[in-house]
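Visitor: As a plain string of letters, each chain reads:
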Amino acid sequence: SRVTFSFLSVRYRPERLDHLEQKTNFSKKELQVLYRGFKNECPSGVVNEETFKSIYSQFFPHGDSSMYAHFLFEAFDTRNNGSVSFEDFVVSLSIILRGSITDKLNWAFNLYDLNKDGCITREEMTDIMHSIYDMMGKYTYPCIGDNAPMEHVDNFFQKMDKNNDGVVTIEEFLETCQRDESIMQSMHMFDSVI
Amino acid sequence: MAAGVAAWLPFARAAAIGWMPVANLPMPVAPAEKNKRQDEMIILNVSGRRFETWRNTLDRYPDTLLGSSEKEFFYNEDTKEYFFDRDPDVFRSVLNFYRTGKLHYPRYECISSYDEELAFFGIISEIIGDCCYEEYKDRKRENAERLMDDQEDNKDAKPPNMTFREAMWRAFENPHTSTMALVFYYVTGFFIAVSVITNVVETVPCGSSPNQKEVPCGERYTVAFFCMDTACVMIFTVEYLMRLFAAPSRYRFMRSVMSIIDVVAILPYYIGLVMTDNEDVSGAFVTLRVFRVFRIFKFSRHSQGLRILGYTLKSCASELGFLLFSLTMAIIIFATVMFYAEKGSSSSKFTSIPASFWYTIVTMTTLGYGDMVPKTIAGKIFGSICSLSGVLVIALPVPVIVSNFSRIYHQNQRTDKRRAQKKARLARIRIAKQGTSNAFLDSKKNGLFNEALEFTSPEEEQHLRKTTSLLENQHHHLLHCLEKTTNHEFVDEQYYQQSYLEAGLQTYPSRSPSLSSRDGATGTCCTRRSKNRHAPLQNASGPPHMEPLTHQRGLQELSTIHILPLSTSRSSLNEPASLNCRITTAIISIPTPPETTPEGDAHLPTGPAHQNVVKVSAL
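Protein chains in written order, with my numbering: chain W, 1 to 194; chain F, 195 to 813.
I should point out that these hints are in silico values taken from the structure, not numbers from a laboratory. Honestly, I wouldn't trust all of these hints.
With the C-beta cut set under 7 Å, the calculated list includes, among others, these residues of chain W facing chain F [said to hold, decoys possible]:
1) 35
2) 55
3) 72
4) 93
5) 141
6) 143
7) 145
8) 158
9) 182
10) 183
11) 189
12) 193
Even glycine gets a Cβ: it sits at the ideal position worked out from N, Cα and C.
Based on the provided sequences and hints, a complete structural model is requested.
Guide: Now the structure itself:
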């Protein structure tokens with residue numbers, strides 16, 4: 001991947017199609033479709049957080065998805081340089097859509113673990129929960145109470161935190177999820193996305 | 195959801211992985227993608243230019259022609275492409291809309307053709323991007339104004355069966371429509387002038403008798419002036435009442451500016467009549483006479499320029515308001531300063547702040563009467579600052595008003611010029627289209643003769659048939675069917691007017707010009723009706739003007755095809771001409787019109803004027 005600087009803008013070219021094909025579990029055609037959509041929205045070849053948020057918000061017109069999009073961006077931006085290139089994009093997508101269950105769960109854990117220290121604290125989970133509820137917007141049935149996110153967090157910790165130390169580690173997370181039927185089933189949903 | 199990000203839907207769905215582990219409820223079943231189509235390319239052939247795009251691109255907007263199944267109507271099985279017989283240049287913008295999600299309006303494109311293309315492809319114009327929307331709206335407004343102007347011209351065409359009231363209103367609004375209206379127009383104009391001059395002369399000192407001081411003419415010839423005034427007010431009152439009667443919406447008429455001016459112009463007289471007895475209020479009565487000068491505003495009905503001026507002032511109301519406001523502020527400030535500066539000096543004329551207002555106004559508008567001047571040094575300094583700032587404050591809003599006036603005035607000029615050119619343009623178009631209708635009459639004549647007399651030899655007949663295309667033949671057959679259906683015939687202008695003259699009819703036969711509102715929709719396109727001229731002899735020489743009387747919708751549609759084969763029809767005209775001459779001499783029973791023109795004319799085998807003849811429109 002090369003970064004070419006013109007005096008107008010930074011143009012970023014992704015790796016070659018066959019390399020990407022090897023790196024990910026997508027076929028050539030799927031990569032082509034993905035890239036066309038990607039490049040259409042981000043002609044410069046990289047997505048910055050603003051664009052990322054605006055794209056994501058178009059899918060959720062009712063509520064405010066900026067916080068969740070921020071967390072997503074952090075998760076996608078594996079190299080921590082403030083921008084998501086096509087490789088990052090497609091590698092993450094490959095994990096979510098074509099990876100094994102363990103990979104998927106690992107990715108989800110990575111998303112929740114905001115400071116990437118290996119465990120999910122209550123504060124982190126509260127933030128995540130708030131961002132998810134924000135996406136619902138104001139007009140819901142039944143009305144979202146002020147305590148709903150907190151209750152949901154308590155629920156989560158009750159389910160996941162086996163040793164009750166106030167944090168959820170990756171092992172606890174994986175173990176609980178693999179034993180939960182509905183979570184396993186929902187993970188399979190991603191097989192047909194693309 | 196914007197179309198561009200539709201491609202990111204898989205990403206959005208993938209991002210939902212963050213919700214799964216925290217969800218308490220099981221997720222719903224994902225929609226199954228049966229026979230998942232691989233993204234395929236489709237070819238759009240627009241008048242020969244091929245555009246290729248992904249099917250998904252077009253599917254982004256399912257409520258447009260290209261995005262829905264409506265495009266299947268245009269699918270060509272043989273070439274496996276979608277063919278559209280439209281403008282490829284405009285199509286570029288349309289297709290770019292699908293690709294980028296933004297609709298742009300190219301500046302060089304005509305606004306109405308662009309609108310038509312958008313309508314065809316089912317795209318609403320509101321989604322034009324911000325970059326092009328201003329331009330689009332401006333052009334659209336200009337076009338709408340032009341259409342409105344054209345429709346105003348249509349008003350000249352007199353609709354039939356107007357009630358007396360409508361006719362009167364029309365006469366008032368457009369004086370040049372009838373002689374009566376014109377007379378009325380000039381008479382009122384004359385009396386307005388007389389009234390104004392009377393008011394003016396009334397105050398001029400006339401010659402005085404030696405032992406009396408000079409008296410104004412008004413007091414010397416009281417009776418004469420009173421009679422004059424009465425006469426004018428009579429006329430104005432009658433005019434006002436007639437307008438009130440004729441107005442389509444009396445309430446709206448009473449609220450309009452012109453009617454208020456009318457009322458204000460005549461009211462003082464009546465009030466004066468009522469109040470002459472009471473001596474106390476005679477002073478007030480004198481003041482009322484001032485309002486008589488408002489009669490001069492009645493001239494604005496007669497003068498276009500005055501109306502433009504009024505309209506300009508109205509449209510610049512905000513600038514004028516700003517001017518007034520800033521002037522008031524400056525006046526108050528400077529008056530205060532001057533008052534306090536001049537307070538010290540003795541025998542100062544600046545006795546109070548309101549008294550200083552006069553000085554400030556006179557100075558700021560650079561009038562400088564000199565009746566009030568500052569005497570102290572401070573006063574003089576502030577006085578000079580006052581006059582300098584006055585120039586600035588007044589100079590600022592004036593260009594805005596001037597440019598507004600100029601724009602409106604020029605717009606008006608352009609409208610008048612366009613109207614003048616329009617008549618010439620339409621005349622030329624009419625002449626060009628004449629050929630097509632004459633083609634039918636010619637072929638009918640020749641066809642009839644062929645049928646009835648079998649005069650022509652087979653070769654000539656074939657020759658004739660060949661020169662008229664299949665399209666023309668079918669069209670003519672259709673017109674013929676219509677004739678048979680209605681038991682009326684199409685005739686030439688000349689013949690018709692000739693028969694009209696012969697019959698000595700005073701009233702025209704039943705004509706029903708269909709003033710369809712669709713004419714407005716097609717705007718200034720082809721068909722126009724000109725005023726029915728009452729002088730039939732106009733066509734005695736030269737090519738006949740096909741002045742249309744009847745308007746047959748069906749005819750119009752089909753006959754537009756004929757604009758193309760104009761050349762063939764013209765060539766076909768030349769050939770039967772020779773036949774024409776031979777035939778006319780041989781046939782005695784058919785009435786011949788006095789002149790035959792090269793364009794051809796129709797001889798009717800059927801009888802003359804008492805049959806209801808129906809004229810064909812200038813197609």
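Visitor: Tell me the hint numbers this structure goes against, listed in increasing order.
Guide: Violated: hints 1, 5, 6, 7, 8.
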